[in-house]
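Chain by chain, the residues run as shown.
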Amino acid sequence: MAVMSYRQALHDTLRAEMLRDPDVFLMGEEIGRFEGSYKITAGLLDEFGPKRVRDTPIAEEGFTGAAVGAAMLGLRPVVEIMTINFSLLALDQIVNHAAKIYGMFGGQRSVPMVIRTPGGGGQQLAATHSQNVELFYAFTPGLKVVAPSSPADAKALLIASIRDNDPVLFLENLALYNTKGEVPDGDEPAEIGRAAVTREGTDITLVAYSRMAHVALQVAEKLAADEGISAEVVDLRSLRPLDRPTIIESVKKTSCAVVLEDDWLTYGIGAEVAASISDGAFDYLDAPVRRVAMAEVPLPYAKPLELAALPSANDVVTVVHQTLDAVGRRSVGAH
Amino acid sequence: MATTSRKRPARSAKNAEELLGYYRQMLLVRRFEERTAQAYTEAKIGGYCHLNLGEEATVVGLMAAIEERDYLFTNYRDHGYALIRGMDPGRVMAELYGRQDGVSKGWGGSMHLFDTDVRQLGGYGIVGGQLPLAAGAALAVSYRDGDEVVMCQMGDGTTNIGAFHETLNIATLWDLPIVFVVVNNRLGMGTTVEMSSAEPELYKRASSYRMESARVDGNDVIAVRDAAKVAVERAREEQRPYLLETVSGRLRGHSVVDPAAYRSKEEVDEVRAQDPVAGLHDRLVADGAATAEGLAEIDADVHRIVKAAVEFAEKSPAPEVSSLFDYTYASPVPNDSRRLPADPLFPVGA
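As they're listed, the protein sequences go chains A and B.
Heads up: the first sequence begins at 53 in my numbering, then just goes up one per residue.
Heads up: the second sequence begins at 193 in my numbering, then just goes up one per residue.
Bound conformation, chain B alone (with noise of 0.2 Å):
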């Protein structure tokens, strides 16, 4: 029985397998932000990208916390969330590549991935505007007695925005299922979060709302799986929401397009040195639960999952010019105008 192991019991076989899932995971997102963030540069993908290299963990952790009938929002940086919910990849992709086949149907791009089949409800790129409408589809579940619970990701950032405050006492007022996540990655864009935040141990803030709090080691995504889960039954049994902070890093710039020339060598060796991907990567080994030659063959299945993706989002075609004025308007209206910026309000000689 318990001995003298300490924080690491002899595994379970179900756990190691647990373990080799989540990695596969973890794989699958630093993959195919890597393949990302190339398609980027062969400008194949345009606007606004952010990816989750460094929050893996974070996002395999989150996700393994709730079920298929619950509610996801998140701010821009969704494609790992997208992902591991459960949207496929090809399409995934396909929207960042702004094609028809996208899941979004090529209107929405990097920062605005939706799928109403995995209930994930956006991808939002205003800092803080998916907060307000978490607590809305939380209004929702609980108005319809539902058991459903709502989980809304955000950014260390986001906690400075007036929209975090009047959410959060929102939440707490009319006792919404609802779990907030902060994904503090120390860094908005390049303001860190003591230059930017008066109480830098963000989850502390909750206490205003005597919400319940806690903040947990992003890079572990057993740690981040077990606290969520925590969350997320206390949202769902006792309609009590919830804020956790997961502390990671960001392995690369706010975007594709950042250098991060402000952060030092130090920095960034600190946050390479906590890398998930390969933290997991040594510990199953260490574990003796995977072989490295094992591990390698996973990595080379992600790979191919990823290249069909690409091959998916290459192959689909762009958005038809007709379909331009589909989507205004959900109950259709006279006199919408549907005219090209070329075009007179009224035939000419008319």
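The shape of chain A in the complex, shown without the other chains (with noise of 0.2 Å):
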């Protein structure tokens, strides 16, 4: 067990797993010479050469259809897209070649690929370079959608996803990267398709992925320190499959429920989790599912425009105190 930041974890998994297996490989936009503009590659183009770390032109489509097709073909491509919003360029590879090669033609080839990309707001980059659009592709069957919150996390959803035999989107965060955190040693992958209660509690549930599980754990040891509130903490970490078991289950201990989430409420990950509890704890809820989410506009860059529109802990600690003051639960604890 060595502790170390998510930025690290995936720069050796990737090294890891690329010594492992000759069919691994690198492609992206900046990956090799530059070294990635997050520097997750740092240093692999020297080492493995530019054949497996290969930079690719500025032609999001062309070359991730070209993953696409190498992974056809039985390589295991692990594309990075510089950031989310990039993805959308890519869109039709992803979604409709990616997504449906393995089952529009009956099963005959699998596509083998990952592809890595990062979203997040709260850097003044503006609108188009700010969004968190994961809800695209974990809308869409024949995709997998990952999103570690932790270094540990990073680390084992990475191996699962490039031994994984489907294509997956690999997300990551901006705020993530410099976060540190003990991280297993040896190579064990996670299960896809597979949340984690990564608190436990009794009083409220918080379900939340990528960043905001990781402000879900702030906040619950904030609540718990000064209010004695115990917050549960459900990760979700894979968006497609959800595993919807682990949220109902924890829902049922607790009886209400927040959902923590990046991207903008209206159709968002958050309605499909609150959707899900009703249908499976509707008898158990003893308030509405809420939702803290990204307003509703596409964010700005001045630094308190974008601050008010992006959710914080300071938003969750209060939608608690709304949600335990529905049940009449704020007491619990403190006396």
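It should be emphasised that the hints constitute simulated quantities derived from the structure, not laboratory data.
Values in this document were obtained by computation on a predicted structure and should not be read as measured data.
Note that the Cβ used here is the ideal one computed from N, Cα and C, for glycine as well.
It cannot be assumed that every hint is accurate.
[Unchecked claim] Only part of the chain A face toward chain B is listed, based on derived beta-carbon distances under 7 Å: (1) 114; (2) 117; (3) 119; (4) 125; (5) 145; (6) 155; (7) 160; (8) 216; (9) 217; (10) 241; (11) 245; (12) 246; (13) 250; (14) 293; (15) 332.
Using the hints, put the two chains back together into the complex; each one sits in its own frame.
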């Protein structure tokens, strides 16, 4: 067990998987000579050469589709798309091709590839560079979408994604790259499609993924320390398939839930979680399921506007209070 | 020796035999497609359905230029390629019928013919979608130092989509063993090449990518084959991509339901006058390589093959509904939804 950053965990895992399997190779803009916009691939060009660390032109549709075709012939490409915003340029290849090829041809060829891409706002990058559109991919059968929130999960889910025989969109987050945590040794993969209860609690369930799962843990610790509120945190880890049973089990225990998401509220990931809770735990609910999500605007550049639009830890505390007030449970543990 | 004979030298027996073989293949495409149109009007076939009628010489010439080890990607106008590449006609027809024995098990239909055994890796319905995929397949060949070539067929309209530019650029940059073939039938649905392409001599587009290219008469099977062989050799021996444009016509509408009312009678007459199947028929007879009666026998034989294909498709069962969730993921996952539209997410009352 070593303590390392989310960035280091990704880098070390890519390297280890490339050493393990000669069919694993990397493609993307600026990943070689420039060592990656966020330096995840630093040093790998020198170690593995240009055949396995392939710099591409600015042509997301072209190189993402080329990775799909290479995967159809059995290679295991790991594509880096600089940010998830640019994945929209490759939407046709991801949604119409990568996601469809296994099914549309009756299971004759699978597409074992990974698309690594960070989402995230809060860096004053303005409207087109601050989106969280993982929903588009989580909506699509045939794709798998994972969203690790910790260095340990970054490693275990990246191993699982590279070894999986289906196309996996691997969602990273700009704000998580420098976060640190304990990372197990070895190369044990996570199971794609399983959420994790990252903190046990009894008063309320916080459901989140990626950066907001990190925020959820911080909020839960603060609520426990300041007010004696016992919040359980469900980290989805996988957006497709969605682990509904783990969410439902938690809500059956706590009887109320708040969903945290960095995307827009209307039709967002949280909407699906809330609907699932309504289906699976309606009789257990003591309060409506609330969502803490981004304001429904193109994200502005000016710092005060950007901060107002993005969900924060304080926003989560406010909504937890409102929810517990609604069920008359604010005083729990406080006396 | 070569005296006054111009472009038509006395054919050797081998050449005659070869040409007869191509005629048989072109006729197979012709009769299969005619029968497909009929089956569509009988509502045996659903969805979109695009025929290779008028493109038989192109299809057969291209397929004669690639080898078994090579890979083929096509657009949605793919029946003819499948037949000549070696897919079983019965299984192709069964796919059009949406049956269990279809080449894609009834999951793809007319636009999505795929058969790993003959290395035809789809049939793609999104214009331009197959280009990046084909480049990726060529990248995989190159990654493994293989000697296979990838042929990537497309229509004339595809040359205006972004994927065309991105893929051709990548192909040259990365020295990919790939042959792009633009099958120019002069119409993208109802839009002419001149209406849609600022440079209507489509093969010239390749010069932007320092890629060698050529244009060939798509109604001449030998010309297509020989031009494609040059392209394939360049890709195989020199790892250089190539763009080949074939020019032919579309004998019917864009798809079987299109009456092509936008075409003038003169235009249709011109295409009919260049019908490659009739043209080769007449050439074979004129050259003394075959008699009309002999060619009629081939036709009868091809009719029998097509009839058997239809019978096979008719008899093939529809896919079992229980197989609906078999092909979402190749690596199984926990919590994969297997609910039908009226099923609850969770058992009622649980």
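Structure-based check of all given hints:
1. Of the supplied interface hints, the one on residue 114 of chain A holds, with its beta-carbon coming within about 3 Å of a beta-carbon of chain B, less than 7 Å.
2. The closest approach between the C-beta of residue 117 of chain A and any C-beta of chain B is roughly 2 Å, which is under the 7 Å cut-off, so the hint is satisfied.
3. Taking 7 Å as the C-beta contact cut-off toward chain B, the hint placing residue 119 of chain A at the interface holds, the least distance being around 6 Å.
4. Given hint, residue 125 of chain A at the interface with chain B, holds; its Cβ is 4 Å from that chain's nearest Cβ, closer than 7 Å.
5. With a least beta-carbon distance of about 6 Å to chain B, the hint placing residue 145 of chain A at the interface is held under the 7 Å criterion.
6. Taken as an interface hint, residue 155 of chain A checks out: its beta carbon lies about 4 Å from the nearest beta carbon of chain B, inside 7 Å.
7. Interface hint status for residue 160 of chain A: upheld, as the beta-carbon distance to the closest one in chain B is roughly 5 Å, under 7 Å.
8. Taking 7 Å as the C-beta cut-off, the interface hint given for residue 216 of chain A holds, the closest approach to chain B being about 5 Å.
9. A distance limit of 7 Å between C-beta atoms decides the matter here; for residue 217 of chain A the minimum to chain B is near 4 Å, and the interface restraint holds.
10. Because the smallest distance between the Cβ of residue 241 of chain A and any Cβ of chain B comes to about 11 Å, over 7 Å, the interface hint for this residue is violated.
11. Given hint, residue 245 of chain A at the interface with chain B, holds; its Cβ is 4 Å from that chain's nearest Cβ, closer than 7 Å.
12. Against a cut-off of 7 Å between C-beta atoms, the interface hint on residue 246 of chain A holds, since the closest Cβ of chain B lies about 6 Å away.
13. A hinted interface residue such as residue 250 of chain A counts as satisfied when its beta carbon comes closer than 7 Å to some beta carbon of chain B; here the least separation is about 18 Å, so the hint is violated.
14. At its closest, the beta carbon of residue 293 of chain A sits 4 Å from a beta carbon of chain B; the interface hint therefore holds under the 7 Å criterion.
15. Taken as an interface hint, residue 332 of chain A checks out: its beta carbon lies about 4 Å from the nearest beta carbon of chain B, inside 7 Å.
The structure is inconsistent with the numbered hints 10 and 13, although it conforms to all the rest.
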